[in-house]
Amino acid sequence: VWEVSQEITEAANDPCTFTAFHGYEWTRSEGDASAGVHRNIIFRGSEVVDSPVSTFEAWDQYDMLAETRDACEAVSDCQFLAIPHNPNFSYGLMFQVEDAEDGTVLTAEGAQLRADFEPLIEVFQVKGGSECRNGFQYFSAEYDEFCDFEIIQPTTLCHLPEADPDNCLLECDPERPNTARNETEDAEAIPGCAASTDFVRNALKEGLVQQERLGLNPFKYGFVGGTDNHNGTPSGVEEEIFRGSHGELDNDAVEQVDREGGVLANVENPGGLSAVWAEENTRASLFDAMMRKETYATSGTRIVHRFFGGWDYPADLCDDPDLVQKGYDGGVSMGGTLPGTGDAPTFVAWASRAADLTDADGTSWPGTPLQRIQIIKVWTDDAGEAHEQVYDITPDPDNGASVDTETCELTSAGSDELCAVWTDPDFDAGERASYYTRVLEDPTCRWTQHICNESAGEWSCDDPDSPEYWEGCCLPDAPKTVQERAWASPIWYDPS
Amino acid sequence: MASQDKRWWREPLVHFVGIGAVLFAADLVLNPPPVDSGVPTIEVTQELVDALGMAWDDKTGRPLSEAEQRAVLDSWIRSEALYREAVRLGLDRGDTIVRRRLVQKMEFLLEGSLRPRDPDEGELEAWFDEHAGDYTLPARTSFVHQYYSRSRRGDGTDAAASAALEQLVGAGPQPDPASGSADPFMGPKAQSGVTERQIEREFGSAFAASVIDQAPGSWMGPVRSSYGSHLVYVTDRQRERPASLDEQRAEALAAWRAEDLEVQLRDQVDGIVTRYSVEGS
Numbered sequence: 019v020w021e022v023s024q025e026i027t028e029a030a031n032d033p034c035t036f037t038a039f040h041g042y043e044w045t046r047s048e049g050d051a052s053a054g055v056h057r058n059i060i061f062r063g064s065e066v067v068d069s070p071v072s073t074f075e076a077w078d079q080y081d082m083l084a085e086t087r088d089a090c091e092a093v094s095d096c097q098f099l100a101i102p103h104n105p106n107f108s109y110g111l112m113f114q115v116e117d118a119e120d121g122t123v124l125t126a127e128g129a130q131l132r133a134d135f136e137p138l139i140e141v142f143q144v145k146g147g148s149e150c151r152n153g154f155q156y157f158s159a160e161y162d163e164f165c166d167f168e169i170i171q172p173t174t175l176c177h178l179p180e181a182d183p184d185n186c187l188l189e190c191d192p193e194r195p196n197t198a199r200n201e202t203e204d205a206e207a208i209p210g211c212a213a214s215t216d217f218v219r220n221a222l223k224e225g226l227v228q229q230e231r232l233g234l235n236p237f238k239y240g241f242v243g244g245t246d247n248h249n250g251t252p253s254g255v256e257e258e259i260f261r262g263s264h265g266e267l268d269n270d271a272v273e274q275v276d277r278e279g280g281v282l283a284n285v286e287n288p289g290g291l292s293a294v295w296a297e298e299n300t301r302a303s304l305f306d307a308m309m310r311k312e313t314y315a316t317s318g319t320r321i322v323h324r325f326f327g328g329w330d331y332p333a334d335l336c337d338d339p340d341l342v343q344k345g346y347d348g349g350v351s352m353g354g355t356l357p358g359t360g361d362a363p364t365f366v367a368w369a370s371r372a373a374d375l376t377d378a379d380g381t382s383w384p385g386t387p388l389q390r391i392q393i394i395k396v397w398t399d400d401a402g403e404a405h406e407q408v409y410d411i412t413p414d415p416d417n418g419a420s421v422d423t424e425t426c427e428l429t430s431a432g433s434d435e436l437c438a439v440w441t442d443p444d445f446d447a448g449e450r451a452s453y454y455t456r457v458l459e460d461p462t463c464r465w466t467q468h469i470c471n472e473s474a475g476e477w478s479c480d481d482p483d484s485p486e487y488w489e490g491c492c493l494p495d496a497p498k499t500v501q502e503r504a505w506a507s508p509i510w511y512d513p514s
Numbered sequence: 010m011a012s013q014d015k016r017w018w019r020e021p022l023v024h025f026v027g028i029g030a031v032l033f034a035a036d037l038v039l040n041p042p043p044v045d046s047g048v049p050t051i052e053v054t055q056e057l058v059d060a061l062g063m064a065w066d067d068k069t070g071r072p073l074s075e076a077e078q079r080a081v082l083d084s085w086i087r088s089e090a091l092y093r094e095a096v097r098l099g100l101d102r103g104d105t106i107v108r109r110r111l112v113q114k115m116e117f118l119l120e121g122s123l124r125p126r127d128p129d130e131g132e133l134e135a136w137f138d139e140h141a142g143d144y145t146l147p148a149r150t151s152f153v154h155q156y157y158s159r160s161r162r163g164d165g166t167d168a169a170a171s172a173a174l175e176q177l178v179g180a181g182p183q184p185d186p187a188s189g190s191a192d193p194f195m196g197p198k199a200q201s202g203v204t205e206r207q208i209e210r211e212f213g214s215a216f217a218a219s220v221i222d223q224a225p226g227s228w229m230g231p232v233r234s235s236y237g238s239h240l241v242y243v244t245d246r247q248r249e250r251p252a253s254l255d256e257q258r259a260e261a262l263a264a265w266r267a268e269d270l271e272v273q274l275r276d277q278v279d280g281i282v283t284r285y286s287v288e289g290s
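Here the protein sequences line up with chains A and E, keeping their order.
Heads up, the first sequence is in my numbering, so the first residue is 19 and it goes up one at a time.
Heads up, the second sequence is in my numbering, so the first residue is 10 and it goes up one at a time.
So that you can see chain A by itself, here it is in the shape it has in the complex (with noise of 0.2 Å):
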């Protein structure tokens, strides 16, 4: 299969239009206490380990790690990274560091392995966000309006105390701090606990404090986002669309629907994408990119997107047309990780929404306005404390866009550009930390709203004869609308 495999891919690369890489998954699962911390291992070139390390030679992600690094050593020129994903659905095991019954789980080694060979981490695909999400919060955190974005697991949401809904059936394990187990009545509904470790924003925070310990920063993640749907179309992420991703789980209008009944339904999403900033579209430079975490991940949506750290960016950068040239040479781009000057730094973000498709058949794909840009900081104090403090840098935030769920237009519109120039203004220059950046659009029809929408002449919420599938559709609690987005890869403050 191995073999097949890369003759497929060799005749599919094409260099400068479509690169395709060697590549595969490594995917452990039995049962739900062992799933979730899935790899995608990728190779820079054609020089490729002989066979794929597979759950059947390293059940453990840090052995197939090693073994994948000796395999690799041992044929000439073999390069390889690995992702992991789908991390909030590890059942806290992605950003473990130590186990209840086991003591240490994250040793130093594993750590080097880590920061090796995985230079980033997925936040989103079908199977949900990964960000972050309030009442899973890592340290201290403050509630976070953007946080509970497509989380798909437990279904029922758990948010900070003062916010808990009535059906919240979430218990935590005294055992295992930072953790909740999904005891919904349900049947069908995801069994497994989420956890604090399943989310990116608690490992950036946590590789800080790691660094203090071990040296080396275990979690210097740069981000992506995938599709991961199961149905051979990559990328497909458009709401409009959209008709499930898991076949029999999820292949009619009830399961798509029904928030109550779905395990694998309602609650996913189209998916996201991955952008990598690099030299030409070729195996090598993209490759060498994703190395340096120059990437950005989208819940799905082509937003552009550029963010820059440096010490020197004239205030007026934005207005600039040589900025790219001018944010290069005056600092970093995003992945990138700054040195302890004593000065805070300044930090340009700029994006532009999607462009506007018109496809063969006609039908147009319009972009939606941005709302505004995001920056969120996480540090370490002196106690060896993580923090993390949003800040919105563009003006007019709440721009008063919003859709009619009944024909999904957009009723007020956004920018088709925002950038700002924003220094931090509680900047501790003893003190690590990693900056990233969200930039939202304006709110868009949820693809479940595009299924409820197609039906929406033939019933009403009070008609007892409409179908099984409407009644998803009349739920209170059920997402109607959703906010795409984009993350910029962080780019770190190190004052060692």
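The set of hints was computed from the structure by calculation and includes no laboratory data.
The structure presented is a predicted model; accordingly, all values stated were derived computationally and were not measured.
Don't take every hint at face value.
[Claimed, not checked] Only pairs whose alpha carbons sit at most 20 Å apart, straight line, appear in this in silico DMTMM-like list of lysine to aspartate or glutamate:
id: 1; chain 1: E; residue 1: K198; chain 2: E; residue 2: D222
id: 2; chain 1: A; residue 1: K344; chain 2: A; residue 2: D374
id: 3; chain 1: A; residue 1: K395; chain 2: A; residue 2: E406
id: 4; chain 1: A; residue 1: K498; chain 2: A; residue 2: E424
id: 5; chain 1: A; residue 1: K344; chain 2: A; residue 2: D334
id: 6; chain 1: E; residue 1: K198; chain 2: E; residue 2: D245
id: 7; chain 1: A; residue 1: K395; chain 2: A; residue 2: E449
id: 8; chain 1: E; residue 1: K198; chain 2: A; residue 2: E297
id: 9; chain 1: A; residue 1: K395; chain 2: A; residue 2: D410
id: 10; chain 1: A; residue 1: K498; chain 2: A; residue 2: D347
id: 11; chain 1: A; residue 1: K395; chain 2: A; residue 2: E472
id: 12; chain 1: E; residue 1: K114; chain 2: E; residue 2: E271
id: 13; chain 1: E; residue 1: K198; chain 2: A; residue 2: D434
id: 14; chain 1: E; residue 1: K198; chain 2: A; residue 2: E273
id: 15; chain 1: A; residue 1: K344; chain 2: A; residue 2: E297
id: 16; chain 1: E; residue 1: K198; chain 2: A; residue 2: D338
id: 17; chain 1: E; residue 1: K198; chain 2: A; residue 2: D337
id: 18; chain 1: E; residue 1: K198; chain 2: A; residue 2: E298
id: 19; chain 1: E; residue 1: K198; chain 2: A; residue 2: D444
id: 20; chain 1: A; residue 1: K344; chain 2: A; residue 2: D330
id: 21; chain 1: E; residue 1: K198; chain 2: A; residue 2: E406
[Stated by the list, open to error] Distance windows between CB atoms, simulated:
id: 22; chain 1: E; residue 1: A168; chain 2: A; residue 2: E160; range: 45 to 51 Å
id: 23; chain 1: A; residue 1: S303; chain 2: E; residue 2: E77; range: 49 to 55 Å
id: 24; chain 1: A; residue 1: T27; chain 2: E; residue 2: A168; range: 47 to 53 Å
[Claimed, not checked] Just a few of them, taken from the derived set where beta-carbon distance is under 8 Å, the chain E residues facing chain A:
id: 25; residue: R109
id: 26; residue: S160
id: 27; residue: A168
id: 28; residue: A191
id: 29; residue: D192
id: 30; residue: E211
id: 31; residue: G213
id: 32; residue: S235
id: 33; residue: Y236
id: 34; residue: R258
id: 35; residue: A263
id: 36; residue: W265
id: 37; residue: A267
id: 38; residue: D279
All C-beta atoms, glycine included, are put in the ideal place defined by N, C-alpha and C.
Please arrange chain E on chain A, whose structure you already have, making use of the hints.
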């Protein structure tokens, strides 16, 4: 949904055949035909024991314990007995899944016996001429542009671009994207040898459609993109045209080989069909 109603197990004919098969099987079980002289043997060879052990090792990463080996062998013997009994009862007959699996095995066998061939030059040329329509090189263009941002200039965007166009045209024919009052643009300032599909990803479909056909050698505009208005200077243009064999040799060769293997396989199956006399309508 409509597609579900077409599932094969809902066909009345399937029900009829299925119920018939069950009755027939029940009759054989309740009234077994007399067994002739010897009792059939299930032979447990050393090769079989080794193979089961290796399969276990592959699956679990460790060898079988003695108790596990007994259990695995016992399980294998029971399933072998059931398998033989099923064949004896003819349960493999009229079974769609068994039929499909055996057909698949035959196809694997036949495919393995095929010999990949390479065409000679004349053969490939003739084939390529026949399939010329499949090998077209898309139109490509190279251009520079100046951008006038709609979010910065609002209703005055086109006017600003038009005013700048007059200056550019007056300044002579040389394209200089850095001159004039252009706004910062997220996409590239210059593009070289790009197709319409490549342009539209960064500028939108409408812009791509109008730029791809422009003749080189002069400034034009304003051309509207998803983000505002642009002044565009096309430096080079290649129209869509049929590819030559040399330009698409690797692709053509791969397609020829795939088609040749398909023909070989079809011939093999035809050969097998001729061993049967097909009757009825």
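Hints and how they fare:
This hinted pair checks out: K198(E) and D222(E) have alpha carbons roughly 19 Å apart, not beyond 20 Å. Taking the CA atoms of K344(A) and D374(A), the gap is about 28 Å. The hint is violated against a cut of 20 Å. Taking the CA atoms of K395(A) and E406(A), the gap is about 6 Å. The hint holds against a cut of 20 Å. For a cut-off of 20 Å, the pair hint linking K498(A) to E424(A) stands: about 10 Å separates their Cα positions.
Taking the CA atoms of K344(A) and D334(A), the gap is near 12 Å; set against the 20 Å cutoff, the hint holds. At roughly 15 Å between alpha-carbon atoms, K198(E) and D245(E) fall within 20 Å of each other, so this suggested pair holds. Annotation: proposed proximity of K395(A) to E449(A) holds, straight-line Cα distance about 12 Å (limit 20 Å). With a C-alpha separation of about 14 Å, the suggested pair K198(E) and E297(A) falls inside the 20 Å cut-off, and the hint holds.
The straight-line distance between the Cα atoms of K395(A) and D410(A) is roughly 11 Å, inside the 20 Å bound, and the hint therefore holds. Taking the CA atoms of K498(A) and D347(A), the gap is about 44 Å. The hint is violated against a cut of 20 Å. Under the criterion of a C-alpha separation no larger than 20 Å, the hint pairing K395(A) with E472(A) is inconsistent with the structure, at around 42 Å. Note on K114(E) and E271(E): the hinted pairing holds, with a Cα-Cα distance of about 17 Å set against a maximum of 20 Å.
For the hint linking K198(E) to D434(A), the alpha-carbon distance of about 18 Å falls within 20 Å, and the restraint holds. For a cut-off of 20 Å, the pair hint linking K198(E) to E273(A) is broken: about 47 Å separates their Cα positions. Of the pairs offered as hints, the one joining K344(A) and E297(A) holds, with about 17 Å between alpha carbons and a cut-off of 20 Å not exceeded. Proposed proximity of K198(E) and D338(A) is supported: the alpha carbons are some 13 Å apart, at most 20 Å.
Distance hint between K198(E) and D337(A) is fulfilled; the C-alpha atoms sit about 15 Å from each other, no more than 20 Å. For the hint linking K198(E) to E298(A), the alpha-carbon distance of about 15 Å falls within 20 Å, and the restraint holds. Taken as a hint, the K198(E) and D444(A) pair is broken in the structure, with Cα atoms around 37 Å apart against an allowance of 20 Å. Restraint check: the Cα-Cα separation between K344(A) and D330(A) comes to about 10 Å, which is no more than 20 Å; the hinted pair holds.
At most 20 Å may separate the alpha-carbon atoms for a hinted pair to count; K198(E) and E406(A) exceed this at roughly 37 Å. A C-beta distance of roughly 47 Å is found between A168(E) and E160(A), which places it inside the suggested range of 45 to 51 Å. For the hinted restraint 49 to 55 Å between S303(A) and E77(E), the CB-CB distance of approximately 52 Å keeps it satisfied. About 51 Å separates the C-beta atoms of T27(A) and A168(E), a value consistent with the hinted range of 47 to 53 Å.
Restraint check, R109(E) versus chain A: the minimum CB separation of about 19 Å is more than 8 Å; hint violated. For S160(E), the interface hint holds, since its Cβ comes within 8 Å of a Cβ in chain A; the closest pair sits about 4 Å apart. Given the 8 Å rule on beta carbons, the hint for A168(E) is violated: about 18 Å separates it from the nearest Cβ of chain A. Because the beta carbon of A191(E) sits about 6 Å from the nearest beta carbon in chain A, less than 8 Å, this interface hint is met.
Annotation: interface hint on D192(E) holds; nearest CB of chain A at approximately 7 Å, less than 8 Å. Taken as an interface hint, E211(E) checks out: its beta carbon lies about 6 Å from the nearest beta carbon of chain A, inside 8 Å. With 8 Å as the threshold, the beta carbon of G213(E) comes within range of chain A, its nearest partner Cβ sitting at about 4 Å, so the hint holds. The closest approach between the C-beta of S235(E) and any C-beta of chain A is roughly 4 Å, which is under the 8 Å cut-off, so the hint is satisfied.
Below 8 Å, beta-carbon pairs count as interface contacts, and Y236(E) has one with chain A at about 5 Å; its hint therefore holds. The beta carbon of R258(E) is not positioned within 8 Å of any beta carbon in chain A (closest approach about 14 Å), and the interface hint is therefore violated. Below 8 Å, beta-carbon pairs count as interface contacts, and A263(E) has one with chain A at about 7 Å; its hint therefore holds. For W265(E), the interface hint is violated, since its Cβ never comes within 8 Å of a Cβ in chain A; the closest pair sits about 14 Å apart.
Proximity of A267(E) to chain A is violated relative to the hint, the smallest CB-CB distance being about 10 Å (cut-off 8 Å). With its C-beta approaching chain A no nearer than about 27 Å, D279(E) sits outside the 8 Å limit, and its interface hint is violated.
Checked against the numbered hints listed earlier, the structure breaks hints 2, 10, 11, 14, 19, 21, 25, 27, 34, 36, 37 and 38; every other hint is satisfied.
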